[in-house]
Amino acid sequence: MTGLFPHAQPIAGLVGGLLIGIAAAMMLLGLGRIAGVSGLAARAVGLSAAGAPRSIALAFTLGLPLGALLATHITDVTPGRFPALVLLIAGGLLVGFGTRLGSGCTSGHGVCGLSRLSPRSIVATMLFMASGFATVAIMRQASAL
Amino acid sequence: MKRAAIAIASGALFGAGLTISGMTDPARVRSFLDLTGQWDPTLAFVMGGAMLPMALAWLIQGRIAQPLGDTGFNLPETRKLDWKLALGAGLFGVGWGLGGLCPGPAIASLSLAPMSVAPFLIAMLGGMALHRFTTR
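Residue numbers (this note's numbering), protein chains in the order written: chain A, 1 to 145; chain B, 1 to 136.
Because the hints were derived from the structure by calculation, they are not lab data.
By construction, the Cβ of each residue, glycine as well, lies at the ideal position given by its N, Cα and C atoms.
There could be a bad hint or two in this list.
Stated by the list, open to error - Here's a subset of chain A near chain B, in silico, CB distances under 8 Å, partners left out:
| no. | residue |
| --- | --- |
| 1 | Ala12 |
| 2 | Arg33 |
| 3 | Ala50 |
| 4 | Ile56 |
| 5 | Thr78 |
| 6 | Gly110 |
| 7 | Val111 |
| 8 | Ala142 |
Here chain A stands alone, though its shape is the one from the complex:
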């Protein structure tokens, strides 16, 4: 594996993924809700008319950076390598608008919806993966990477 994909971290990925799945299971079996980050974050900041109670949305959203901070005390975390400012801004705008229009992101559609075999989430996940692959391929062609 490491010979073929020198940068892959399958164990860290699997362990982190399991934690994400357990977290989403806590929301489902504990509160009866989907752990969809885009929806909960929009709700937390008052940019969504419907959804979870504000207190739940706010608590979940605040938990994300809190858990990230805790993780840095448990394990070595590689510092994030961020792209150019213009890409961050354009990316942020599209992610914000797109996830609201499409009713979900990698967590709601990807993790929760796929595991539920929701047809909407299967379609959404295939589409955002395909357009993500296409976007990076075009950037590579244009030598933006």
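With chain A held as given, fit chain B onto it using these hints.
Positioned in the frame of chain A, the structure of chain B alone reads:
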């Protein structure tokens, strides 16, 4: 109070999982999307790992009348495949490829690299506001 405690615990576990799996590094996420470059399959392991507990959770959900900490389930029941879903997912994918960030890792990064992630988060809130006030 109990509900907020469950939510913050779930959020924290979620954020820790994103961080441990390396998903808070935009370059790693983009390497997954970069099929013709130095492809990094780590994200596939993250998705696979997350799928296991959730598949089990859905099986349990079908057998219990209500969640442990609330009075009922509030789950999306829409089954319609419409243009909003398709266009929204398509645009999200473009933004994901450009920035290497989706909402979870972006928010989790607030405690890891606040200055670096701030432009993305501000723009993301702008995009959400744009949706809130332009579509109905």
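Status of the hints after comparison with the structure:
Restraint check, alanine 12 of chain A versus chain B: the minimum CB separation of about 6 Å is within 8 Å; hint holds. At a threshold of 8 Å, the smallest CB-CB gap from arginine 33 of chain A to chain B is about 5 Å, leaving the interface hint in force. Taken as an interface hint, alanine 50 of chain A does not check out: its beta carbon lies about 10 Å from the nearest beta carbon of chain B, beyond 8 Å. Hint status for isoleucine 56 of chain A: holds, given a least beta-carbon distance of 4 Å to chain B, under 8 Å.
Satisfaction of the interface hint for threonine 78 of chain A is found here, the shortest Cβ-Cβ separation to chain B being roughly 6 Å, below the 8 Å cut-off. Hint on glycine 110 of chain A holds. Least Cβ distance to chain B is approximately 6 Å, under the 8 Å limit. Annotation: interface hint on valine 111 of chain A holds; nearest CB of chain B at approximately 5 Å, less than 8 Å. Evaluation of the alanine 142 of chain A hint against chain B yields a violated restraint, the C-beta minimum of about 12 Å exceeding 8 Å.
The structure fails to meet hints 3 and 8 from the earlier list, while all remaining hints are met.
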